[in-house]
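Asks: Sequence order for the protein chains is A and B.
If you're matching positions, the first sequence starts at 1 in the UniProt record's numbering and goes up one per residue.
If you're matching positions, the second sequence starts at 1 in the UniProt record's numbering and goes up one per residue.
By construction, these hints were calculated from the structure, which means they are not laboratory data.
Glycine included, every Cβ here is placed at the ideal spot set by N, Cα and C.
One thing to keep in mind: the hints can contain errors.
Claimed, not checked - To give an idea of the chain A side of the interface with chain B (calculated C-beta under 8 Å), a few residues:
id	residue
1	D172
2	P220
3	E221
4	Y255
5	Q261
6	V267
7	G300
8	T307
9	K310
10	K315
Claimed, not checked - Straight line, CA to CA, 20 Å or less: simulated SDA-like cross-link-like pairs of lysine to any residue:
id	chain 1	residue 1	chain 2	residue 2
11	B	K541	A	D298
12	B	K164	B	L151
13	A	K188	A	S175
14	B	K541	A	S376
15	B	K557	A	Q261
16	B	K561	A	E242
17	A	K96	A	D298
18	B	K27	B	R38
19	B	K561	A	S376
20	A	K181	A	E242
21	B	K557	A	N156
22	B	K561	A	S141
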Amino acid sequence: MILEDRKWEPRASLKSDFGIPRIVTEVASPDVGNRKCPGGTVITLHRAWRLSGAGPPPPPGPSDRFPRWRGQRGPGTMAFPQPKPRAPELPRKRLKTLDCGQGAVRAVRFNADGHYCLTCGSDKTLKLWNPLRGTLLRAYSGHGYEVLDAAGSFDNSHLCSGGGDKAVVLWDVASGQVVRKFRGHAGKVNTVQFNEEATVILSGSIDSSIRCWDCRSRRPEPVQKLDEARDGVSSVKVSDHEVLAGSVDGRVRRYDLRMGQLFSDYVGSPITCTCFSRDGQCILVSSLDSTLRLLDKDTGELLGEYTGHKNQEYKLDCCLSERDTHVVSCSEDGKVYFWDLVEGALALTLPVGPGVVQSLAYHPTEPCLLTAMGGSIQCWREEAFEVEDGAG
Amino acid sequence: MAAADSDEDLVSYGTGLEPLEEGERPKKPIPLQDQTVRDEKGRYKRFHGAFSGGFSAGYFNTVGSKEGWTPSTFVSSRQNRADKSVLGPEDFMDEEDLSEFGIAPKAIVTTDDFASKTKDRIQEKARQLVAATAPIPGATLLDDFVTPAKLSVGFELLRKMGWKEGQGVGPRVKRRPRRQKPDPGVKIYGCALPPGDSEGSEDEDDDYLPDNVTFAPKDVTPVDFTPKDNVHGLAYKGLDPHQALFGSSREHFNLFGGGSEGAGHLIGDVEPNKGRKLGISGQAFGVGALEEEDDDIYATETLSKYDTVLKDEEPGDGLYGWTAPRQYKNQREPEKDLRYIGKILDGFSLASKRLSFKKATFPVPPTVFTGSATSVLEFLSQKDRERIKEMKQATDLKAAQLKARSLAQNASGSRAQLSSPDGGDRSWHTAWGSGTAPTASNFKPFAKDPEKQKRYEEYLVHMKKGQKDALERCLDPSMTEWERGREREEFARAAQLYVSSHSTLSSRFTHAKEEDDSDQVEVPRDQENDVNDKQSAVKMKMFGKLTRDTFEWHPDKLLCKRFNVPDPYPNSTLVGLPRVKRDKYSVFNFLTLPESSSLPTTPEPIGKVPEHRASDKSRKPSRWDTSKPEKKEDSISEFLSLARSKVGLPKQESCPPVKKEEEQAPASLSEKTTKPDVESQAEEEGKRPSMDLFRAIFASSSDEKSSSSEDEQGDSEDNQEGAVEANLQLPQETHMEETSSTAPASEPEPQELTLPFPIQKMQIDEREEFGPRLPPVFCPNARQKLEIPQKEKQKKNKDKHKPQKEHRRKKEKAEMSPAKKTVIEFCPGLSLDPVLSLIEVHGLFS
């Protein structure tokens, strides 16, 4: 229970001879967390990144993702031994298959907290589900053509969706009504995203533009049109001050609002999906050459390459697992592929079905995966997952 | 109306009222009861008059309202009784009273628990003055004694952490024992003398002090930053009546400890050891007769008592009374910081790491250009600049000519003011008179045609001489009357233009560096280039610098606001990438211009070209144009191509109906005939330039048409039934997407050459779709759908892009016999739609 300051230790007996009581207190050693952290994966991960010359990507917010680091104590303090952090689990167990009944499911997306999901149907509807229970909460109809992408706002009060009717629609979740309909794209809208505060909707379209629609005002025209892409925009992601866009012209463009700069990384092959890693340091890019690439956000250097799946013609999704440990991608051979992020080795393939896995979504905090194939979606959880009471 | 009966003798004071008009009644003054005043909420306030108390409360000096007095919470029902509510005084007070300046202002204040112990000086002073002037002096003393022994939370926390009164706050000091303050009785003026020799002894003490003994830090009395609000000299305190007259009470007070230290400070420095003093005393007065002891009032202040030099060695704590956060030099060593040895509160543990403020370091935004450069051109590379220069020179001539011509045509269009050349002359002459003489040296609107330019110059010369018939003289007699008329107008116009721009204004304005010419478009300054280099870099997996382009990009101000991000370029009005102006018809633009950029609207000379088509000659020829003359050979094929473009298939190469008929023949034959055609198309397709080129070419001629057809197309898409559509579309889509998916790749696709069917080719053309397509809906009977005969596919494909009307019409036609259709087919006067639908039907029935 007693941990002394290291510097005092050798002379401790001497000092006690003076009759002065040793003043000791419970002090946590300053660097225990770095050396003896049982979170082995994390440590190796960072080391690997350093080795690859990618610069230091320490997780900026380890406190929420690795909560055990916080209470870490020295070897002497064993008051409440903390359990080891679980090894990252992969969703291997098919928990549920939902037939959405809306034609082909073009995209499946989690909401902000991961309790619900949205499916975009080719029958012009958008549906809100509880994926664990398999209950349909609401269907949103108002699109004139198939819905291609959707997103939920941070407070779950609004949805946005875009589709083949070239319109971007802002929905009220509770009432199911169309709040705004933004028209202006010249082609179908491939992807939509809210910004962090759900004040702006960013939509990427095959008309090679990204348009920023203001949700606050009644202005019919977009706040800004990012038309640097030479070809259709297939994927848009938004962080607090950046807009990441993958385009079919083979470039990933990152608009940094804070710096006022545009970074354009050439990948070559038409890009189907891009996303930020959860620590915001890296960019995952999937392209039509059946390759996923992990790029350093700041320098554009290649950190990893993931192959083995098949993605040559369709617009398929990719993402990172909830702790950035694995790279996940759809494939045209009906499977979902998992790679270890650091080693790049194939970790798992999930056979979903005979068709093409069109879309997938990863839960923001838990090892839970949603996949979409044909007209149905599948919910996957880790092996140890038990359905809670009432959830079934 | 004293002024009304005006006598000469009377003296009038003041200004008279305006005489009333007849029939007008004099205005009545507003009676007193109608003069109203309202409060800030718009409620009426009744004014009582200046001497009777101002505004009333309530309703005409009563409580309540117009309806009488009603209790605020009145519950009439017997079932739900009103809750008994305890009313406080606030319930009877007006809102104004509770506001900031009311009698009971409501504000957030620190509760006693958390308030600091330094008392409110004003209140304290007031209390003391009351006490002093009370009939029994010191009567309030009792209150001071019986103040509850409450400690503020801060004190309690500090105590729990091992702090004791008299100690300083902070981590314990290692080796410096706390030096007792000098006796407070000893008064030191000015700065305390440096404790010289005592310091040395202290150091000796340290030698045998054990290492692990720590001492509390010295308590630091904060400097009193009371503002000086009097006109006395520094540190002078005037006579305090309290001290002078009621010395006894002071003395009493001080007997009981330092409970009112602040008060003592407030009232003035009182030496506690001084005996009882009565009467007036002070430095300004001598020793009174009643004084028992003599103050040394004649003591002289000498400069030697003061420090004259600020020495390095610090007296006392070395702070000179300064309590600002001191700079710990050893802060860097973490061990030192961790050596806080003291009691630690329950539930807390000492941090193992120093709490460091995470400083999010963002890269510094690039410096904003604030106009040191006069032109965007200066940012360009040398190569680009030269290129632009060439472009400009090449187009200068054309531009000037075009301008003059269009002006002339405008003039002819709006002939109202210039009905005749003479009229033009007149106005031109007037302009002439006021302005300076134009010299033909630098303005050559007809430079392209030297003859004409010569005539124009001649005309100017004549004009300058004031000859009325200048125009007639200089015109070429061999010209036709029409030509002459036009040239006359042109000259007049050009001269006028020249004068108006050169006469009065020319002296004040200088030319912009870049002419704001309509022949120029804005293009992004920076381009993503060197795709080849990048491709090789990608192949070598050398991502990073080689594959990255960085541009200055200006987000919209509103977007920054919405993202809660400071505008990186607060002074710029630019949005997006910085742009430069370039020649609109430059090939470079079409190579680099983004597809979605605004369509260039070409200024079209009105009078010169009788029909739109003629203007196409001046434009760049396209490969598609070569096919046009062929089409014009037979009227029907031209008809068809027109119709097609109207239906929104502008890119589709139309096969003449001859081929259609052939298609009815055995399939082998049709394949033979169409295959070479397809291949040539595929070749074309491979080298297809960007859309803008086409737009620029066809923009003016078929703008309205194509846009309207686009709309129609969109409508038809929207209107299509989802379920039916899904079935019909499925096979097409897969087919089309197979081929179209490769379109986005910048390099031509060799696959397309080997396409098996001509239909696919057409589908590619129709689908303006780029990029990875959507996966097909997986369903078991999809295979069957794929095997639908090609012809049918073609038909459906066309259906898709047809307005709903035609759907209907087509159905009607389908019921007709084929013989009828053939009749219609060659009927020249038919409208387009039936012809089109005919083709549909052909496809259907063949």
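Asks: Can you list which hints this structure breaks, lowest number first?
Replies: 1, 2, 3, 8, 9, 13, 14, 17, 18, 19, 20, 21, 22
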